[in-house]
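As they're listed, the protein sequences go chains A and B.
Numbering-wise, the first sequence is residues 16 to 130 according to my numbering.
Numbering-wise, the second sequence is residues 35 to 148 according to my numbering.
Please note that a few of the clues may not be correct.
Which chain B residues face chain A? A few, computed with CB under 7 Å, are given here [claimed, not checked]:
1. 66
2. 80
3. 83
Result set (DSBU-like, lysine-lysine): computed pairs, CA atoms no more than 30 Å apart in a straight line [what the hints assert, rightly or not]:
4. B:76 <-> A:72
5. A:68 <-> B:35
6. A:72 <-> B:102
7. B:35 <-> A:72
8. A:26 <-> A:72
Quick list of simulated restraints, FRET-style, between CB atoms [what the hints assert, rightly or not]:
9. A:32 <-> B:88: 44 to 54 Å
10. A:56 <-> B:85: 26 to 36 Å
11. B:56 <-> A:92: 34 to 44 Å
12. B:39 <-> A:98: 21 to 31 Å
FYI, nobody ran anything at the bench for these hints, they're computed from the structure.
For every residue, glycine included, the Cβ atom is placed at its ideal position computed from N, Cα and C.
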Amino acid sequence: DAGITQSPRHKVTETGTPVTLRCHQTENHRYMYWYRQDPGHGLRLIHYSYGVKDTDKGEVSDGYSVSRSKTEDFLLTLESATSSQTSVYFCASHSRGGTSYNEQFFGPGTRLTVL
Amino acid sequence: KQEVTQIPAALSVPEGENLVLNCSFTDSAIYNLQWFRQDPGKGLTSLLLIQSSQREQTSGRLNASLDKSSGRSTLYIAASQPGDSATYLCAVVFGDNYGQNFVFGPGTRLSVLP
Numbered sequence: 016d017a018g019i020t021q022s023p024r025h026k027v028t029e030t031g032t033p034v035t036l037r038c039h040q041t042e043n044h045r046y047m048y049w050y051r052q053d054p055g056h057g058l059r060l061i062h063y064s065y066g067v068k069d070t071d072k073g074e075v076s077d078g079y080s081v082s083r084s085k086t087e088d089f090l091l092t093l094e095s096a097t098s099s100q101t102s103v104y105f106c107a108s109h110s111r112g113g114t115s116y117n118e119q120f121f122g123p124g125t126r127l128t129v130l
Numbered sequence: 035k036q037e038v039t040q041i042p043a044a045l046s047v048p049e050g051e052n053l054v055l056n057c058s059f060t061d062s063a064i065y066n067l068q069w070f071r072q073d074p075g076k077g078l079t080s081l082l083l084i085q086s087s088q089r090e091q092t093s094g095r096l097n098a099s100l101d102k103s104s105g106r107s108t109l110y111i112a113a114s115q116p117g118d119s120a121t122y123l124c125a126v127v128f129g130d131n132y133g134q135n136f137v138f139g140p141g142t143r144l145s146v147l148p
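Looking at chain A on its own, in the form it has when it is part of the complex (with noise of 0.2 Å):
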């Protein structure tokens, strides 16, 4: 598998407070995702990047930014925390070459709480 970390792994926030996720990838995966997953709604798209300092806003971008200033690292902000964004958070990346053209690695997410 790919070397995709998270962090933090876990974390209790309170309502209003800014709160930042960290990818790291050491694959040199030139495209990196940012999905929330919820009961019921299944993996949903917040942030993509194309490339360093290139982003986009996917599905569910609202309170939600995200930064890429080196290949290997994606940081998704939560400018103020919503009880909404309570949600497990997961960071994907892939290649466009190779065998494995186009297949998305995940890490192993993020269970955050918003109190």
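Knowing the structure of chain A, use the given hints to seat chain B on it.
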């Protein structure tokens, strides 16, 4: 709207049975399709990736097929084992753009009983 559905939502089988999980998608113009498994409280593990030009992929006891014209993919698991118990998700990439528009199905929760 591009959608992915999976049937059944849950499945329980005795150990040793062969089984089929289904994935349907609304747009035949897909780029590729990927099957994952997810264990409770864990991330997603990639099982098989099928490019749009391929009809099937195999890995061990797993075989995934793709029929773009009918908007369907199946994941066949041979000789199921209790360790196969997990949720299986399919993800479809629609189109070919920077967004690599991955759309996930809701998953099929599989229980293999010893």
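Checked hints:
1. For residue 66 of chain B, the interface hint holds, the least distance from its beta-carbon to any beta-carbon of chain A being 5 Å, beneath 7 Å.
2. Taking 7 Å as the C-beta contact cut-off toward chain A, the hint placing residue 80 of chain B at the interface holds, the least distance being around 6 Å.
3. Because the closest C-beta pair between residue 83 of chain B and chain A is about 4 Å apart, less than 7 Å, the hint holds.
4. The hinted pair formed by residue 76 of chain B and residue 72 of chain A meets the criterion: a straight-line CA distance of about 25 Å does not exceed 30 Å.
5. At roughly 29 Å between alpha-carbon atoms, residue 68 of chain A and residue 35 of chain B fall within 30 Å of each other, so this suggested pair holds.
6. Annotation: proposed proximity of residue 72 of chain A to residue 102 of chain B holds, straight-line Cα distance about 27 Å (limit 30 Å).
7. Distance restraint check for residue 35 of chain B and residue 72 of chain A: the Cα-Cα separation of roughly 17 Å lies within the 30 Å cut-off, and the hinted pair is therefore satisfied.
8. The hinted pair formed by residue 26 of chain A and residue 72 of chain A meets the criterion: a straight-line CA distance of about 24 Å does not exceed 30 Å.
9. Between residue 32 of chain A and residue 88 of chain B the C-beta distance comes to about 47 Å, which sits within the given range of 44 to 54 Å.
10. About 28 Å separates the C-beta atoms of residue 56 of chain A and residue 85 of chain B, a value consistent with the hinted range of 26 to 36 Å.
11. Hint check: residue 56 of chain B to residue 92 of chain A, Cβ distance near 38 Å, so the stated range 34 to 44 Å holds.
12. The hinted window of 21 to 31 Å between residue 39 of chain B and residue 98 of chain A holds, with their beta carbons roughly 29 Å apart.
Comparing the model with each earlier hint shows no violations; every hint is respected.
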